[in-house]
Amino acid sequence: MARSINIIYFAWVRERLGIDQEQVSLGDEIETIADVLSMLGEREAAYADILADVEKLRFALDQDYGLSTSLIGSAKELAIFPPVTGG
Amino acid sequence: MARSINIIYFAWVRERLGIDQEQVSLGDEIETIADVLSMLGEREAAYADILADVEKLRFALDQDYGLSTSLIGSAKELAIFPPVTGG
Amino acid sequence: MIKIEVGPADFDIGAETLHVAGQGGGAIASFVGQVRDDGNLASLELEHYPAMTQKALGEIAEKAVSDWVLHAVTIVHRVGKLSVGDNIVLVITGSDHRQAAIESCSFIMDKLKTVAPFWKKETRADGAVKWIEERASDVEASEKWKR
Amino acid sequence: MIKIEVGPADFDIGAETLHVAGQGGGAIASFVGQVRDDGNLASLELEHYPAMTQKALGEIAEKAVSDWVLHAVTIVHRVGKLSVGDNIVLVITGSDHRQAAIESCSFIMDKLKTVAPFWKKETRADGAVKWIEERASDVEASEKWKR
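Residue numbers (the working numbering), protein chains in the order written: chain P, 1 to 87; chain L, 88 to 174; chain X, 175 to 321; chain U, 322 to 468.
Hints were generated in silico from the structure; no laboratory data involved.
Derived list of chain U stretches under chain L, where covered just means 3 residues or more per stretch with a C-beta under 8 Å from a C-beta of chain L:
#1 364–373
#2 425–437
#3 441–453
Note that the structure is predicted; figures quoted are calculated from it, not measured. We put the beta carbon where it would ideally sit given N, CA and C, even for glycine.
Start from the sequences, fold in the hints, and give me the full structure.
In structure tokens form, the structure reads like this:
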């Protein structure tokens, strides 16, 4: 059965991609956040460029921080953003 | 020439002595704060009792902290009080 | 006892302090962060991740309450467009003891800086726009807590 | 830039914070100490040594300004008869950086507690009267600064 996830972008990631969120279907081979990033990059070259440096990105699965190696599991929302700078 | 100093008391020192300040003449033999305490105690037994434990007292000469061994010098005011408890 | 507010509205430091003080203890520590005038800043835009912000701030506050003996924690963080001198963030902690109040306030700010999903974009007087980058000193300050 | 007030009058935390914030920087830390309700406290009387208080608080503030980069320091300390919940002391520091603001605020409170010539006398609900004694934890907190 096809899984899907809502991917949500913030700050310069959102601005450079030109999109604030998108619903994406995940094939069975997609296990980790890194897999999602690869899939997005293969789909569109601009994504590969913008999301290339995972050191400059932070990730949250269903509003909890994750790493690029974190398993997507049954998460409904993946957020991709730069390091936070509030306060 | 006779020296004199104003001695000023605070908190329970003031209450137990029953006086908030007094002008006291100092003989030439009076060099340190401890000498002043001894002199006061010899003058009046109640003072000896109340000022007996220098560990429980703090001293200031002209509004700067001193120790019982500090020299009186030309100070005009000696304050005797318990450890401070503000804030 | 934990109060968290995130939104465009400004806050009233005096009123928020009274609110914390009213919950007991005699020691209230607070920190206010404002938009700092560094010479040619025109404005600051604060973006956040609404679904995650409340949760992240709530977890920081809960951790403070579990690690120090506190009567109250208030965190207010503004979002949207702000000008030089405007309030950005307010953290207030109330305790029986001043060290607990001050330390926990410092802890909350350090964690908020590195964990809460806010992003600042600055516009310079000449029109240049830039997303503020993470500072190494903030990461160090956050990591030093070991909690 | 250094403001020190000692007297019976209450203080307005919001107004005092604005005063510090108005002197620059974007980081304002404050501490408020109040008369704590520990169950049967009726009132608190604060005595001080007027000629020395201003000097002692001034020296603490000057030390803070020399050891941290601060735009402003405000210290307000009340004297006279106070009731449960009343404000006693307010310390506010303003800086470009939050650690400088928070640390210097903590330093000022620790030094004030052990150096500034104030004494508290408490009256219990049953009429018992007692001068508060120095706490070892306050002495330790003051000494840990090594400055």
